[in-house]
Each structure stands twice: as C-alpha cells, then as structure tokens.
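Student: Letter by letter, the chains look like this.
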Amino acid sequence: MTKAEFLSSLRGEMSTLAIPKDEVDRSILFYSEMIDDKTDEGLSESEATESLGSPGQIAREIRRGLGIGGCFRDKLSALPKGLLIFGFPLWFPLLAAAAIVVMAMFLILWAMMLLPAAVEFALVAATAAGIIGGVWAISAGSLLSGLFTVGVAFIAGGMFFILLAPVMKLAGWLARTSLVLLKWTLNLFAKEEDDS
Amino acid sequence: MDIQVKKGLLEACVLAALIRGDSYGYQLVKDISNVVEMSESTLYPIVKRLEAAGMLTVYSIEHNGRLRKYYRVTDSGRERLRGHQADWENIQRIYRFINQEDEND
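Chain order of the listed sequences is A and B.
Just so we're aligned, residue 1 is where the first sequence starts under the numbering used here, counting upward by one.
Just so we're aligned, residue 1 is where the second sequence starts under the numbering used here, counting upward by one.
Please keep in mind that the hints were generated in silico from the structure rather than gathered at the bench.
There's no promise every hint is true.
Claimed, not checked - Label-pair ranges, simulated between beta-carbon atoms:
(1) B:Val5 - A:Phe86: 25 to 35 Å
(2) A:Gly65 - B:Val36: 11 to 21 Å
(3) A:Thr177 - B:Ile19: 50 to 60 Å
(4) A:Phe88 - B:Gly8: 11 to 21 Å
(5) B:Ile3 - A:Asp25: 43 to 53 Å
(6) A:Asp25 - B:Gln4: 24 to 34 Å
(7) B:Ile94 - A:Ala111: 52 to 62 Å
(8) A:Leu29 - B:Ile19: 20 to 30 Å
(9) A:Leu107 - B:Ala86: 31 to 41 Å
(10) A:Ser46 - B:Glu62: 42 to 52 Å
(11) B:Glu79 - A:Gly65: 16 to 26 Å
(12) B:Val58 - A:Glu61: 45 to 55 Å
To be verified - Which bits of chain A does chain B cover? Going by a derived footprint, with three or more residues having C-beta under 8 Å, they are:
(13) 34 to 41
(14) 46 to 60
(15) 102 to 115
A quick note: this is a predicted structure, and the numbers were derived from the prediction, not measured.
Every residue, glycine too, gets a C-beta built ideally from N, C-alpha and C.
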C-alpha cells in the first residue's frame, strides 16, 4: 500500500466505526508521521505501511480504546461551558427537586423520632403536674379530686416507664436508618477509586 | 508475556525513555522495542493517555520539510515513573511467591 492508500483506508475504517472527527484527525497525523519516519530511514512506502498492520485492526483498537461511552465522553469534554449555563433552567430544577426529596426523607425520619420523644415528655409533665396538683388539692381540702389527680399522675408515670423501652428501641432504629440513608446519599457523589 | 502485565510496563517504558531525553514516535518504538516488543499501534494509545493525564507534552519541530511531533515528560510524568520504580520491591516479592521460592517460609 502507498502512504496515501493506507491513510485513506484508515480514515474510512474509523468513520465506519463512528470515531469522532478530532480523534480521527489525531490518529491520521500520528500514523502519517510514523510512515514518514520509516521511509526517511530507508524503508519503501509499502514496507512502512505493512509494518503498521491492517488499518481495520488499528481502527478497531482505537475504537476499543475510546470505550463504550467513549464517543460521548469525548464529545462531552468538548462541550463549551456555555452549554452548561444555557442548560441551567433544565438541570437545576431537576437537581433541586432531587435534593428536596432527599431532605424530605430525612425530615420524616426525624419527625418519627420526635413524636415518641414528645409523648414521653408529655407523660413526665403529666406525672409531675398531677402529683403537684393532686397534693395541693388534698392539702386544700378536696380529698377525692386530689386523690384522683394523684392517681392519674401515677398512671401517666407508669405509662412513661412502660413505653420507655420500646421508644428507645425505635429511636435507635431510626438513628441507624438515617445514618444508612446519609451514607447512601453521600455515596452518590463520591468518586470511584481507580487503581490504575 | 501476559498482555495486561505488558500494558502496565509499556507506559513506564515510555516515561523512562523520555526521561533520557525528548523523543518522537518512531524513535520511541525503536528504543523500547530493544527491551520489550512494542508496535506503533501499541504506542499510540499510550502517548495519548499520558498526554491526557498531563504526564507529557507535545511540541513540533521542522524536519525534512515536514513537522515532527516530539514528546517531553512533565513533572507529573516523572512522579508517575518514580511510582513505577518504587513498585519494584513489591513486584520482586510477588514473583518470589509466583516462582514458589518461599515454600519454606
């Protein structure tokens, strides 16, 4: 093959494989120079082109080197930053919506944790208020209503203690779940470790 | 030689060759082929990758009425080569295991 035939064949093979234009141009330059260097050294054009192998094979290797998303990756890096700015009305609302969904999930978990805590707190308050109020009522003369109030206070206190264990368990579970959710969210943004 | 092993070594070879001095494609192929078999189509993706990673830069010099591309190693490329060189101890140890030289350890 002559140099021109080789390069033209290589170009054709690369177009067939849908290799992006700038990559095609770059490789043509490389191999053109390689042929020139070899002919400078004394090889004939056909010897030089033969030593390079088949254009089809070279093209396939280049395609393989670009990877599956290679074409798009190359195109993406060539995207002007301006496009990113113009696309802002599209990708920003989507990103914001996703962020709000994640935040909502966290808020729900925390609300679920606050509710039992609030109940327990209310029971403590009821117990205390009941005892104080009841004792005052008794000392003020209303024995029956005073005793009733103290009784209710004790029921509240009892419920506090009964509910304490399950509430702690729930709080623990919710804490663990929100931690898992946090890790998962952070993972979405973490870069993959590459040991190349 | 296993192709994966070879791929890793060839990158180091290119860098090592450039440390000795700036060079161009065909010269690199010749120099490295003295030590390990390497073809032009093997060299191309390697220099492409190294350039993309900032480990070498490219410049052109006129030669015989045409432009010839020269490669020059960067500081980052020197650092990468040092990394490869530092692997030598580990590689030797691994090969002792592969060659079953440490059976009695």
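Student: If a hint holds in the structure, say so; if it doesn't, say that too.
Tutor: Quick rundown of the hints versus the structure:
1. B:Val5 - A:Phe86: 25 to 35 Å: Between B:Val5 and A:Phe86, where Cβ atoms are some 47 Å apart, the hint is violated.
2. A:Gly65 - B:Val36: 11 to 21 Å: 20 Å, holds
3. A:Thr177 - B:Ile19: 50 to 60 Å: At 54 Å between Cβs, range holds.
4. A:Phe88 - B:Gly8: 11 to 21 Å: Cβ of A:Phe88 to Cβ of B:Gly8: about 42 Å, so the range 11 to 21 Å is violated.
5. B:Ile3 - A:Asp25: 43 to 53 Å: Check failed, 28 Å falls outside 43 to 53 Å.
6. A:Asp25 - B:Gln4: 24 to 34 Å: 30 Å, holds
7. B:Ile94 - A:Ala111: 52 to 62 Å: 55 Å, holds
8. A:Leu29 - B:Ile19: 20 to 30 Å: With Cβ atoms ~25 Å apart, the hint holds.
9. A:Leu107 - B:Ala86: 31 to 41 Å: 50 Å, violated
10. A:Ser46 - B:Glu62: 42 to 52 Å: 27 Å, violated
11. B:Glu79 - A:Gly65: 16 to 26 Å: Because 24 Å falls inside the window, the suggested range holds.
12. B:Val58 - A:Glu61: 45 to 55 Å: 21 Å, violated
13. 34 to 41: Satisfied; 6 residues make the cut.
14. 46 to 60: Check passed, 5 qualifying residues.
15. 102 to 115: Per the Cβ count (0), the hint is violated.
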